[in-house]
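Number of protein chains: 2
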Amino acid sequence: MVPGTVVRSIKEAAVKKALGPRMALYPMPVTLVGANVDDKPNYMTVAHVGIMDLGSISLGVNKVHYTNRGIIANRTFSVNLPNEGLVKETDYCGLVSGTKHDKADLFETFYGALKTAPMIVQCPVNIECRLVQIIDMKTHDIFIGEIVEVHCDEDCLDGQSIDITRVKPLLFAMGDPQKFTASSSYYKLGERLAPAWEAGKPLLKKD
Amino acid sequence: MVPGTVVRSIKEAAVKKALGPRMALYPMPVTLVGANVDDKPNYMTVAHVGIMDLGSISLGVNKVHYTNRGIIANRTFSVNLPNEGLVKETDYCGLVSGTKHDKADLFETFYGALKTAPMIVQCPVNIECRLVQIIDMKTHDIFIGEIVEVHCDEDCLDGQSIDITRVKPLLFAMGDPQKFTASSSYYKLGERLAPAWEAGKPLLKKD
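Chains A and B, in that order, give the protein sequences. Sequential numbering of the first sequence, starting at 1001, is according to this note's numbering. Sequential numbering of the second sequence, starting at 1001, is according to this note's numbering.
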């Protein structure tokens, strides 16, 4: 096949296999979402996040979670980016619930502009959000937060830019959704490949 | 400081610098979003994506984009994951608009279950979505799509799991938002670090 070809049927694209409907938008950044629940800091692991416009982000969180109550009560939350060194703690915060375990015990907590969104000192990037909307889905609350302030470890900054290679973030990909706890993993960020809004410029010549 | 400490003021967390409100939820997976516009396939580069519940995803797209019209008209779109080898083409699709350039010319296009969501053969993972909601933000349309079908290159599958290390996806991080075109980059995925819902189990003992 040559570029520009339209293959009208998936069967003609012989290398492809249809997997049925499943989540496949990976890898995603792993976050620890902070909220005060009954005035105590709590953290839960969330990789099902998103960017809406440049000032707001989303969290897709199952309604069963303990932390949701704090987000709704205070209308604030934080999004903390753990680094590679925190992989055990990060996974642990996804294994146990704040109903039974004091997960803030693992970290040092600080508060910023919003006063009620607890943040983790050990995470190199911390984003404070004001809750602006909840999308009510069948099993999930989608929390949409407006970013109010960002805190970053000074040694991860390159001028005013956050140098993501120094942050050393954790990435998550789910495997087979039928047995996702056996086939899902955390990954490191790899090397810088190319500059954005630049790498494609050689192709401009063809127009 | 010892774990469990609450630092009441950011000033006490001396390593941190406040950067003001800015997008900092990176890295994100880079996608090529496909839509038919006036019955012709078109692709645009979108890294501001998200996972809502396990069956639906979001795209945060500035309203100026040509592709939006096709998504709204057909109420379908595709999310294609380009690999490292497509970095030039992917960047190019973010540099030029479908109003002036036939970007489908770069790829082979196929259609699947939805018939009107064009997908890219060269991208190892293709997600077909039905538009279910639009969140109308000031400058952006947030398109929420229900996943209807996923197609994957057979050589990226490990049983029923998509092996993201074989996909070799592109990741994106924005740098300084004041000069983002000079400080934003594409990155590779790094190595597998640890299994999810497993790595944190040693910490269960401390409870």
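Mixed in with the good hints, there may be bad ones.
In this list, chains with the same sequence are indistinguishable; a pair is considered to hold if it fits within one copy or across any two.
Said to hold, decoys possible - Listed below are the simulated DSS-like cross-link pairs for lysine-lysine, each with C-alpha atoms no more than 30 Å apart in a straight line:
no.: 1; residue 1: 1115; residue 2: 1168
no.: 2; residue 1: 1017; residue 2: 1063
no.: 3; residue 1: 1017; residue 2: 1201
no.: 4; residue 1: 1179; residue 2: 1201
no.: 5; residue 1: 1201; residue 2: 1063
no.: 6; residue 1: 1040; residue 2: 1017
no.: 7; residue 1: 1100; residue 2: 1201
no.: 8; residue 1: 1179; residue 2: 1168
no.: 9; residue 1: 1017; residue 2: 1100
no.: 10; residue 1: 1115; residue 2: 1088
no.: 11; residue 1: 1188; residue 2: 1138
no.: 12; residue 1: 1115; residue 2: 1063
no.: 13; residue 1: 1017; residue 2: 1179
no.: 14; residue 1: 1040; residue 2: 1179
no.: 15; residue 1: 1168; residue 2: 1017
no.: 16; residue 1: 1168; residue 2: 1138
Note that these hints are calculated values from the structure, not bench results. These figures come from a predicted structure and were not determined experimentally.
Status of each hint after checking the structure:
no. : hint        : in the structure
1   : 1115 / 1168 : within (27 Å within a copy, 41 Å between copies)
2   : 1017 / 1063 : neither (33 Å within a copy, 33 Å between copies)
3   : 1017 / 1201 : neither (33 Å within a copy, 35 Å between copies)
4   : 1179 / 1201 : between (42 Å within a copy, 18 Å between copies)
5   : 1201 / 1063 : between (45 Å within a copy, 24 Å between copies)
6   : 1040 / 1017 : between (48 Å within a copy, 24 Å between copies)
7   : 1100 / 1201 : between (54 Å within a copy, 16 Å between copies)
8   : 1179 / 1168 : both (28 Å within a copy, 22 Å between copies)
9   : 1017 / 1100 : neither (43 Å within a copy, 33 Å between copies)
10  : 1115 / 1088 : within (28 Å within a copy, 44 Å between copies)
11  : 1188 / 1138 : neither (32 Å within a copy, 35 Å between copies)
12  : 1115 / 1063 : within (25 Å within a copy, 34 Å between copies)
13  : 1017 / 1179 : within (19 Å within a copy, 41 Å between copies)
14  : 1040 / 1179 : neither (34 Å within a copy, 39 Å between copies)
15  : 1168 / 1017 : between (33 Å within a copy, 18 Å between copies)
16  : 1168 / 1138 : neither (34 Å within a copy, 33 Å between copies)
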